[in-house]
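Please construct the entire structure, taking both the sequences and the accompanying hints into account.
Number of protein chains: 2
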Amino acid sequence: MARAASSSSRLTVKGRATRARIVDVAARLMYENGAANTSLEDVRKAAKASGSQMSHYFADKRSLIRAVIAHQADAVMADHHDPAVGNLDSVAALRAWAQRIVEQQRAQNFEGGCRLGSLAAELVESDAELQADFAAGFERWESLLRRGLLTMQQRGDLRPDADPDALAYSLLAAAQGGYLLTQAHRDARALEASLGAAIDHIELLAIDASERSPGSRDQSEIG
Amino acid sequence: MARAASSSSRLTVKGRATRARIVDVAARLMYENGAANTSLEDVRKAAKASGSQMSHYFADKRSLIRAVIAHQADAVMADHHDPAVGNLDSVAALRAWAQRIVEQQRAQNFEGGCRLGSLAAELVESDAELQADFAAGFERWESLLRRGLLTMQQRGDLRPDADPDALAYSLLAAAQGGYLLTQAHRDARALEASLGAAIDHIELLAIDASERSPGSRDQSEIG
Numbered sequence: 001m002a003r004a005a006s007s008s009s010r011l012t013v014k015g016r017a018t019r020a021r022i023v024d025v026a027a028r029l030m031y032e033n034g035a036a037n038t039s040l041e042d043v044r045k046a047a048k049a050s051g052s053q054m055s056h057y058f059a060d061k062r063s064l065i066r067a068v069i070a071h072q073a074d075a076v077m078a079d080h081h082d083p084a085v086g087n088l089d090s091v092a093a094l095r096a097w098a099q100r101i102v103e104q105q106r107a108q109n110f111e112g113g114c115r116l117g118s119l120a121a122e123l124v125e126s127d128a129e130l131q132a133d134f135a136a137g138f139e140r141w142e143s144l145l146r147r148g149l150l151t152m153q154q155r156g157d158l159r160p161d162a163d164p165d166a167l168a169y170s171l172l173a174a175a176q177g178g179y180l181l182t183q184a185h186r187d188a189r190a191l192e193a194s195l196g197a198a199i200d201h202i203e204l205l206a207i208d209a210s211e212r213s214p215g216s217r218d219q220s221e222i223g
Numbered sequence: 001m002a003r004a005a006s007s008s009s010r011l012t013v014k015g016r017a018t019r020a021r022i023v024d025v026a027a028r029l030m031y032e033n034g035a036a037n038t039s040l041e042d043v044r045k046a047a048k049a050s051g052s053q054m055s056h057y058f059a060d061k062r063s064l065i066r067a068v069i070a071h072q073a074d075a076v077m078a079d080h081h082d083p084a085v086g087n088l089d090s091v092a093a094l095r096a097w098a099q100r101i102v103e104q105q106r107a108q109n110f111e112g113g114c115r116l117g118s119l120a121a122e123l124v125e126s127d128a129e130l131q132a133d134f135a136a137g138f139e140r141w142e143s144l145l146r147r148g149l150l151t152m153q154q155r156g157d158l159r160p161d162a163d164p165d166a167l168a169y170s171l172l173a174a175a176q177g178g179y180l181l182t183q184a185h186r187d188a189r190a191l192e193a194s195l196g197a198a199i200d201h202i203e204l205l206a207i208d209a210s211e212r213s214p215g216s217r218d219q220s221e222i223g
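As given, the protein sequences belong to chains A and B, one line each in that order. Mapping the first sequence onto the UniProt record's numbering, position 48 (from 1) lands on 48, and the numbers just tick up by one. Mapping the second sequence onto the UniProt record's numbering, position 106 (from 1) lands on 106, and the numbers just tick up by one.
None of the hints are false.
Chain A is faced by these chain B residues, among others (derived, beta-carbon under 8 Å):
id	residue
1	E111
2	A174
3	A175
4	L181
5	G196
6	D200
Calculated directly from the structure, the hints in this document are not laboratory data. Note that the structure is a prediction, hence the values are computed from the model and not measured. Where is the CB? At the ideal position from N, CA and C, for every residue including glycine.
This is how it looks when you write it as structure tokens:
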């Protein structure tokens, strides 16, 4: 992904816009039809680009795919800039995050799954470089989740023995597995249940107000 | 899947063996290379079948894919016939189940992911019939997990307000999401963490011996 970003940064403003349009169209087509069913020619036509523009920006389909992986990882990150989701550093923010994921899937009739995950599932075994691109994309997402959990822990809202690394993996895996099951079942249940359980688990590991200040016993989730 | 089964049951013993060999080879090739990169001719050659045998058993690639989905769902079910995993009706059995999944992936260098899930991720959006085949395959797996959880609940080992349906989804989603992340990262952490968190959550919802018989306070997981 570093290579794609640096080659993009050497372009003119107009060149960057053309390249971005091609990547955007490629991402949409690959999401809708799969990468295997999306040719460079399909992308060229839909992006209204010339053959020389295509070959100028992308030496081959594989380099376009790499740009699409980076694009989808960016899109996932951008999706988290939502006031309700905030810094994912509370159980309420995590619930808002989960609800947002479920609503996005509902809005598209539970078709297509995750923009990054569905592409990863199709292409992760293609070669080591693509696999590393997907790992980097997921890592950005995991670190967003991990940061929120670390903040909770540093603030004293999460038990000291809770493992933010493992919990971040479990949140993202719940999302990815939930996406796939919900694509198969065409309903929200699996996605809601998997995200719900992963967040319930964090809530059980959370230190509620009653434990920290024994005076105000409003709600005790456990025991 | 019902159709594939019934057409298979009308065959002679030799015919069934030939058909099973073709499906077995197709499943392996599709798992290794993806369904898009596996042609009927690839399967025919690798299965040492004739063209007339291929067309006798499978009208087209799609009908072979449907047979492969059923085959992989059967393989997943067969994989659960392990004494350690038993009926998945205890936290210990679930831990053994998770460990088995992690070990299987480690043995194949974290490549390939789930036999059923990776095929689903590639093909679930192809058409409504394949999507229903995948839903049926996952449903068999979910119901295995659900049955274990229901047994725990009926035995009094799981809190009455725990939802076995939702927990079964969350276990399978943890596995599926964990498979994908672990393919991208090429290490066990995501799969171990996601399955671990899903089972930890069930353990927190479990009623331990100390709660049921206050006399024997051996271990108290919560509070």
